[in-house]
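Note that UniProt numbering gives residue 177 to position 177 of the sequence shown, counting from 1, and the numbers run on in steps of one.
In case anyone wonders, no lab produced these hints; they're calculated from the structure.
Check the hints yourself; a few may be wrong.
Unchecked claim - The list that follows gives simulated cross-link-like pairs (lysine-lysine, BS3-like), each with its CA atoms no further than 25 Å apart:
no., residue 1, residue 2
1, Lys143, Lys92
2, Lys114, Lys143
3, Lys177, Lys166
4, Lys92, Lys68
5, Lys157, Lys114
Said to hold, decoys possible - So the derived label-pair ranges between C-beta atoms look like this:
no., residue 1, residue 2, range
6, Ala152, Glu56, 42 to 52 Å
7, Trp80, Arg103, 25 to 35 Å
8, Gln87, Phe153, 35 to 45 Å
9, Glu165, Arg103, 46 to 56 Å
10, Asp162, Thr2, 45 to 55 Å
11, Pro130, Arg41, 30 to 40 Å
We put the beta carbon where it would ideally sit given N, CA and C, even for glycine.
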Amino acid sequence: MTTEEECLTALQRAADQLGESPTKAQYEELGMTPSASTILRVVGGWNAAKREVNLETEPSSGTRTAPKPEGLELPDDMEWDELSQDQRWHYKHAEWNTERSLRRRESHRAWANKLQRRRGGCTRCDETNPVCLDFHHVDEEEKEMAVGKMIAFGYAKERIEDEIEKCIVLCANCHRKEHYDESTF
């Protein structure tokens, strides 16, 4: 989750880079993160954020939606002017956002693998290779979601860690044995 301090620091960096108090459009053209829409949401408005870092503010006027960039493709059922600012940012930065998501997912997987190894590997056999290890929910009633799915869906580490606390580590073979139901064969 992006903090107000991160938003204000990015806005100040943009002003330093431009040599003036940036408009939202100027900020977005720089391709900085967090996005202008995140700053709006976290700080409570563009001018509110500018006031926090002592930048000159401008009264809002005219349309708040810049024209759709040349060559940008949208799904057939979507209109640029009807998208939220977050959605427009996503479509304009889809490639970057995809790369960021993949890096985050990879980082979370590596972190989860370290947690599995720290627990000593499989609790039923001597397997310690992380490619063979799974998090197994001891009580299915408490299970929110599989840890691997939470990582794939981009959940925060804190939320994933809460889910891991409900689990033991099993290797793939022991995990299969745990869920094996002889009545299905």
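So, going through the hints one by one against the coordinates:
Under the criterion of a C-alpha separation no larger than 25 Å, the hint pairing lysine 143 with lysine 92 is inconsistent with the structure, at around 37 Å. Of the supplied pair hints, the one linking lysine 114 and lysine 143 holds, its CA atoms being roughly 21 Å apart against a limit of 25 Å. At most 25 Å may separate the alpha-carbon atoms for a hinted pair to count; lysine 177 and lysine 166 meet this at roughly 19 Å. With a C-alpha separation of about 9 Å, the suggested pair lysine 92 and lysine 68 falls inside the 25 Å cut-off, and the hint holds.
Note on lysine 157 and lysine 114: the hinted pairing holds, with a Cα-Cα distance of about 13 Å set against a maximum of 25 Å. Checking the proposed 42 to 52 Å range against alanine 152 and glutamate 56 shows it holds: the Cβ atoms sit about 44 Å from each other. For the pair tryptophan 80 and arginine 103, the beta carbons lie near 28 Å from each other, so the given range of 25 to 35 Å is met. For the pair glutamine 87 and phenylalanine 153, the supplied restraint of 35 to 45 Å is violated, since their beta-carbon distance comes to about 19 Å.
A hinted range of 46 to 56 Å for the beta carbons of glutamate 165 and arginine 103 is inconsistent with their spacing of about 25 Å. Distance hint check for aspartate 162 and threonine 2: the Cβ-Cβ separation is about 21 Å, which falls outside the suggested range of 45 to 55 Å. The beta-carbon spacing between proline 130 and arginine 41, approximately 37 Å, falls within the hinted interval of 30 to 40 Å.
In the structure shown, a violation is registered for the earlier hints numbered 1, 8, 9, 10, in ascending order.
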